[in-house]
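Novice: These are the residues of each chain, in order.
2 protein chains.
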Amino acid sequence: MKHIIIIGGGFAGLNAAKALGNKRDVKVTLIDRRNHHLFQPLLYQVAMAALSPAEIAAPIRSILSHYNNINVLQGEVKHVDLNSSKVITKFGVQNYDYLIMACGARHSYFGNEKWEQDAPGLKTVEQATEIRRRVLSAFEKAEREKDVNQQKKYLTFIIVGGGPTGVELAGAIGEMSRYTLAKDFRNIDPKLTRIILIEAGPRILPAFSEKSSSQATRNLENLGVHVWVSSKVTDLNSEGVAVESENIKAATVLWAAGVQAAKLGHTLGVELDRQGRVIVQPDLSLKNYPNVFVAGDQAHSSHQTGNPLPGLAPVAMQQGRFLAKNIERELNSLPRQDFRYINKGQMATIGKSRAVVEAGKLKFGGFIAWLSWIFIHIYYLTGFKNRLFVTMNWAWSYVSFRRGARLIVSKEWRSYREK
Amino acid sequence: MKHIIIIGGGFAGLNAAKALGNKRDVKVTLIDRRNHHLFQPLLYQVAMAALSPAEIAAPIRSILSHYNNINVLQGEVKHVDLNSSKVITKFGVQNYDYLIMACGARHSYFGNEKWEQDAPGLKTVEQATEIRRRVLSAFEKAEREKDVNQQKKYLTFIIVGGGPTGVELAGAIGEMSRYTLAKDFRNIDPKLTRIILIEAGPRILPAFSEKSSSQATRNLENLGVHVWVSSKVTDLNSEGVAVESENIKAATVLWAAGVQAAKLGHTLGVELDRQGRVIVQPDLSLKNYPNVFVAGDQAHSSHQTGNPLPGLAPVAMQQGRFLAKNIERELNSLPRQDFRYINKGQMATIGKSRAVVEAGKLKFGGFIAWLSWIFIHIYYLTGFKNRLFVTMNWAWSYVSFRRGARLIVSKEWRSYREK
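Chain order of the listed sequences is A and B.
In this text, residue positions in the first sequence follow my numbering: the first is 1, and each later residue adds one.
In this text, residue positions in the second sequence follow my numbering: the first is 1001, and each later residue adds one.
Read the hints as simulated data drawn from the structure, not as lab findings.
Ideal Cβ positions, reconstructed from N, Cα and C, are used throughout, including at glycine.
A hint or two may mislead.
List time: in silico SDA-like cross-link candidates among lysine to any residue, alpha-carbon distance up to 20 angstroms [unchecked claim]: (1) A:Lys141 - A:Lys152; (2) A:Lys90 - B:Ser1410; (3) A:Lys146 - B:Thr1029; (4) A:Lys183 - B:Thr1029; (5) B:Lys1027 - A:Arg144; (6) B:Lys1411 - A:Ser410; (7) A:Lys152 - B:Ser1410; (8) A:Lys141 - B:Gly1075.
Output of the computed footprint for chain B on chain A, the stretches with three or more beta carbons under 8 angstroms from beta carbons of chain B [to be verified]: (9) 127 to 135; (10) 139 to 151; (11) 401 to 410.
Which residues of chain A face chain B? A partial, calculated answer using Cβ under 10 angstroms [said to hold, decoys possible]: (12) Arg61; (13) Ser62; (14) His226.
Chain A extracted, bound-state conformation (with noise of 0.2 angstroms):
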């Protein structure tokens, strides 16, 4: 009986959990440090109150339930020793035959951390609730503000970063103040908000082809977003953001320019690229230790092009099912294999009803892309209730303008404390 550890419950640690559940001679524990495999894809419609967080993600508990080989434990692992075998977590040690790591990625400030209080990032549920807040609280505070100056900053809402989750979040942020909000305030007219999507290189979705990116701009800028590219965020606090010598005033800045690896590679000594990607071998595995892999966000993977594929969850549910195969022919006593990315495409979405689509040589945009991408994320979403109530919420939203989930939620849980 081998002892398989999978550390992450995301895209790559479930589905190589899901690829191993019920195999013989093979004990699986996976370990996370939250109770819920997170659908990442569909997250900027829980920032922005479209989508409840329990529709989009699910305990990975549950989602195991049914391997009988399979262990879940929730927790978090401190770090890894890799000669001798163990991964040690706040609630004791582990020893593995296999380790999977797949602790994905989370924001990088290239080194300004402290603008994060300002500016938060999206990867987590809790960041969608608190940019939630943040969005439908400046709305809020801009009804009841008579100073024409503080309106106009509360109506600012800047987003940095000009890739997928940049564009998603303008675009809907665009889409609600026209049509959502629109009859719903008094003393503010919320057509007048003023969305800026900032993007330091020359384009924004730099991964899509020249055509579907400036596609992509002429939608944002339909929803009234303002795009700016080659514009570097020099500064950045409560009051605004620099953009080289200009000082925009908004209460609402959103971060979706960088990202780094999860630390926990850190404690490995090993090789790691600029971004703190675990470097690979075209196995997956770490070059003097054959028994531990690195997949998703967390690997950098780079012997098919030269080029380290891109942190997608494609890229890390094939990763995840290509490990646990690689491991049962390891036990069958078959050679490995390397893993190939079969690149199926990508495809970012804009405000209700438009999209940009590129599959191979097939590149398009408009209302058909859109309901491919409305198709693709049902179709991967975990779970037949998730599918359901979130293609009905989507349903509801496109027939009556409205968002299913604008509450504002305090931080704060005890009870209200009047001075």
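Given chain A's structure and the hints, the job is docking chain B onto it.
Specialist: Showing chain B alone in chain A's frame:
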């Protein structure tokens, strides 16, 4: 044009606003600290991971958006100056012709406010999420614990207070541990969970008949809940509770014992009862201030029976509508009327298929009572979409024995900082 200020968007305030919506010669400003109206009777289902917060809460602004004469402001009222007819908020001063105060109630720890930290009550979305976090985390901690005494502590849940909320919480934990979680854990048997409902009085559900009360006790016991009556909690900390000379170790303690009215009543300088409720005239106005009314949980209205009306949703809803009607009468030069509560009955639910219902002479329990409970709660829930989603969620849970919102959400949104 008369200006009516309503403080609080709960059942009383919202119903008053709706009844005043689009009426001639009336301008309404509704002020609430929160942006959402909360359907409190179902809040325990959020705490018990069955529903998402957004399914039982809707933005006040959105509920009232089609009434052009209503302004909604999210923010905090600092105090009310009765003599100059002014409401002083953090964002300016507002004059009123009529004032309706409906600020609700919060928990009372009978002078032991420090107990709140270790025994959250259930009045807000934040508290429900915190209770959900504590209950689900206790199972997770028990799963990874090797020490049997510690495990027992994690699996002991104490609910203080045997009113409807306490009974509903205890029943839901019983059901959750027996059915929903049973399959998901490997190292613990969730059936070993100890759930203790502690009531200081001689029986639970004291507002119900003795028959209903003993029927509820039997139903709870069938779900594995220990019901301790005539038991007073004398101390409480992070290790558990003391009931007179006995100490019970428990990682999770929930508070459903006492309420007190919102503190804003204390700033008025008028007569309050022991629970801080404002003592009102038969028309719900203040003695020397006929243009100021108090409704809902914040009001002490006892002219009808000699006893103050209970803090129930139907009382608040009827009072809200009554006030709107009385103000309209006065504006049409008709005399005011006195408030009369029409008691349509009361109900409490125990677990997934049992309830007790009392309506006049009609008293019944069991499955039929539970169906009535479901029907009435769906009927009164705000918004078509919420009704549909809650119904579907319940149907799904009923068939699958799963709970739809088993998320442990942390209080900290910032990126996890490893040490």
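Novice: Determine for every hint whether it applies to the structure shown.
Specialist: Comparing the hints with the structure gives:
Between Lys141 of chain A and Lys152 of chain A the alpha-carbon distance is near 11 angstroms, which keeps this suggested pair within the 20 angstroms criterion. Distance restraint check for Lys90 of chain A and Ser1410 of chain B: the Cα-Cα separation of roughly 18 angstroms lies within the 20 angstroms cut-off, and the hinted pair is therefore satisfied. Between Lys146 of chain A and Thr1029 of chain B, the direct Cα distance comes to roughly 16 angstroms. Compliance with the 20 angstroms bound is thereby established for this hinted pair. As the CA atoms of Lys183 of chain A and Thr1029 of chain B are separated by approximately 16 angstroms, the hinted pair is consistent with the 20 angstroms bound.
Taken as a hint, the Lys1027 of chain B and Arg144 of chain A pair is honoured in the structure, with Cα atoms around 16 angstroms apart against an allowance of 20 angstroms. Taken as a hint, the Lys1411 of chain B and Ser410 of chain A pair is honoured in the structure, with Cα atoms around 10 angstroms apart against an allowance of 20 angstroms. Simply put, Lys152 of chain A and Ser1410 of chain B have alpha-carbon atoms about 33 angstroms apart, too far for the 20 angstroms limit, and the pair is violated. Taking the CA atoms of Lys141 of chain A and Gly1075 of chain B, the gap is about 8 angstroms. The hint holds against a cut of 20 angstroms.
With a cut-off of 8 angstroms between beta carbons, the stretch 127 to 135 of chain A has 3 residues touching chain B; three or more are needed, and the interface restraint holds. Judged by the Cβ-Cβ criterion of 8 angstroms, the stretch 139 to 151 of chain A is covered by chain B as claimed, because 5 of its residues qualify and three suffice. Given as covered by chain B, the stretch 401 to 410 of chain A passes the check, having 8 residues with a CB less than 8 angstroms from a CB of that chain where 3 are the minimum. For Arg61 of chain A, the interface hint holds, since its Cβ comes within 10 angstroms of a Cβ in chain B; the closest pair sits about 5 angstroms apart.
This hint holds: Ser62 of chain A has a C-beta 6 angstroms from the nearest C-beta of chain B, less than the 10 angstroms allowed. Contact between His226 of chain A and chain B, as hinted, is not supported at the beta carbon level, the nearest pair being about 27 angstroms apart and thus beyond 10 angstroms.
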